[in-house]
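Kindly generate the complete structure, drawing on both the sequences and the hints.
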Amino acid sequence: MNTEVLSGKPLAGLIKQRAQDEARLLDAEGVHPVLAVVVATDDESTHWYVRSIERAAERAGIDCRIVDLGHDATEQVLASVLRDLSAEPAVNGIILQTPLPAGVRSDSLVGLIAPEKDIDGANPLSLGRLAVGQPAFAPATARAVVELLDHFNVPTAGQNVVVVGRSAVVGKPLSLLLLAKDATVTVCHSRSGELEPFTRPADVVVVAAGRTGLLTGSHVSEKTVVVDVGTNVLPDGSLVGDVDEASVSGVAAALTPVPGGVGSVTTALLLLHTTEAARSQARASTGQPLAAVVA
Numbered sequence: 303m304n305t306e307v308l309s310g311k312p313l314a315g316l317i318k319q320r321a322q323d324e325a326r327l328l329d330a331e332g333v334h335p336v337l338a339v340v341v342a343t344d345d346e347s348t349h350w351y352v353r354s355i356e357r358a359a360e361r362a363g364i365d366c367r368i369v370d371l372g373h374d375a376t377e378q379v380l381a382s383v384l385r386d387l388s389a390e391p392a393v394n395g396i397i398l399q400t401p402l403p404a405g406v407r408s409d410s411l412v413g414l415i416a417p418e419k420d421i422d423g424a425n426p427l428s429l430g431r432l433a434v435g436q437p438a439f440a441p442a443t444a445r446a447v448v449e450l451l452d453h454f455n456v457p458t459a460g461q462n463v464v465v466v467g468r469s470a471v472v473g474k475p476l477s478l479l480l481l482a483k484d485a486t487v488t489v490c491h492s493r494s495g496e497l498e499p500f501t502r503p504a505d506v507v508v509v510a511a512g513r514t515g516l517l518t519g520s521h522v523s524e525k526t527v528v529v530d531v532g533t534n535v536l537p538d539g540s541l542v543g544d545v546d547e548a549s550v551s552g553v554a555a556a557l558t559p560v561p562g563g564v565g566s567v568t569t570a571l572l573l574l575h576t577t578e579a580a581r582s583q584a585r586a587s588t589g590q591p592l593a594a595v596v597a
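Note that the sequence shown covers residues 303 to 597 in the numbering used here.
Hints may be right or wrong, so weigh each one.
[Stated by the list, open to error] Cβ-Cβ distance ranges computed for the label pairs, FRET-style:
(1) G435 x G413: 17 to 23 Å
(2) E346 x R407: 21 to 27 Å
(3) D323 x R407: 36 to 42 Å
(4) D409 x S523: 35 to 41 Å
(5) G495 x T376: 37 to 43 Å
(6) S494 x E346: 32 to 38 Å
Worth flagging that the hints you see were computed from the coordinates, not collected in a lab.
Quick reminder that beta carbons are idealized off the backbone N, C-alpha and C, glycines included.
In C-alpha cells:
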C-alpha cells in the first residue's frame, strides 16, 4: 500500500501567517511582541536552531532577543536572567534553550519562567494547569502533534492513540491534549516491554522516545497513522526520527517525515504562542478579561 506522507511544512506556513497577522494587529495597537531565547551552550546545532527561530520571528514581525550567556554560565547567572526577563514588561515570551552547562539543573530554572510568558510549557505550573484545563501554554512540540493530526483530518475522538515516551516535554503533555480531544490514550515507555501489542492495534502512534529506528513496520498495521517526533543526529550529521521509515513506509496508512514534519510546526507554534502571550498580557495590563490560552 502507499503510505501517505504528512508533511508539516504547509501547516507551519499557515501558522506563521497567523502569527504574522496577529503581530501586525498588535503592532497597530501599540503592542510589539518580544520573544527572549536564553542560550548557554557552545553546541553549534543548538545555535543553528536558535538562529532559525530568530529569522522566523523577524519575518513574522516579532522581536527576538537572543540572550547568549556562554557555555560556562552558572546556574545562579541563568536564574538571575530568567527572573529579570520574567519581570520585564516588554518581554512576552521566554524560552530556556537546552542543552545547559554541565551541573546546571534545568528543573530548578524552568520554574522561574513566569507562566504567562512560558510559551514552550516548561514551567511545571504550566503542565499542572494543562492537566486541569486552566489557561496555560502546552509545550510547542506536543501541540504540534495535535495540530498536524487536525490539519490532515485524522480523527482522535474515540480512537486508540498510543504515545511512546513519557517526557514532560512531549509524552505527558501530549497525552493530556489527546485526552482533551476524547482519544483513548496509552502511554508506553522503557518499562512497557514489547511495543507491538500496544502499537499494532492502534489508530494513531506517536513516537517521542529519542531512539533511532525504535518503531518498525512490524509495530504497525495498514490503518495506523504514525507521527514521528524523534530528532536524532547520525554520525554523518543527517537527522532522523525514531521511526524506521524504510520499513514503516508501505505498511502504515500515513507517516510524518523527519525532517519536515513535527519540527517545522513546533517552530511556527513558538511564534504563535508569543503573539498569544502578548495579547493576553496586553489585556491584563488594561484590566480586560484574559482569553484562555490552553493550547
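These are the hints, each one checked on the structure:
{"no.": "1", "hint": "G435 x G413: 17 to 23 Å", "in the structure": "holds (21 Å)"}
{"no.": "2", "hint": "E346 x R407: 21 to 27 Å", "in the structure": "holds (24 Å)"}
{"no.": "3", "hint": "D323 x R407: 36 to 42 Å", "in the structure": "holds (39 Å)"}
{"no.": "4", "hint": "D409 x S523: 35 to 41 Å", "in the structure": "holds (38 Å)"}
{"no.": "5", "hint": "G495 x T376: 37 to 43 Å", "in the structure": "holds (42 Å)"}
{"no.": "6", "hint": "S494 x E346: 32 to 38 Å", "in the structure": "holds (35 Å)"}
The structure meets every hint from the earlier list without exception.
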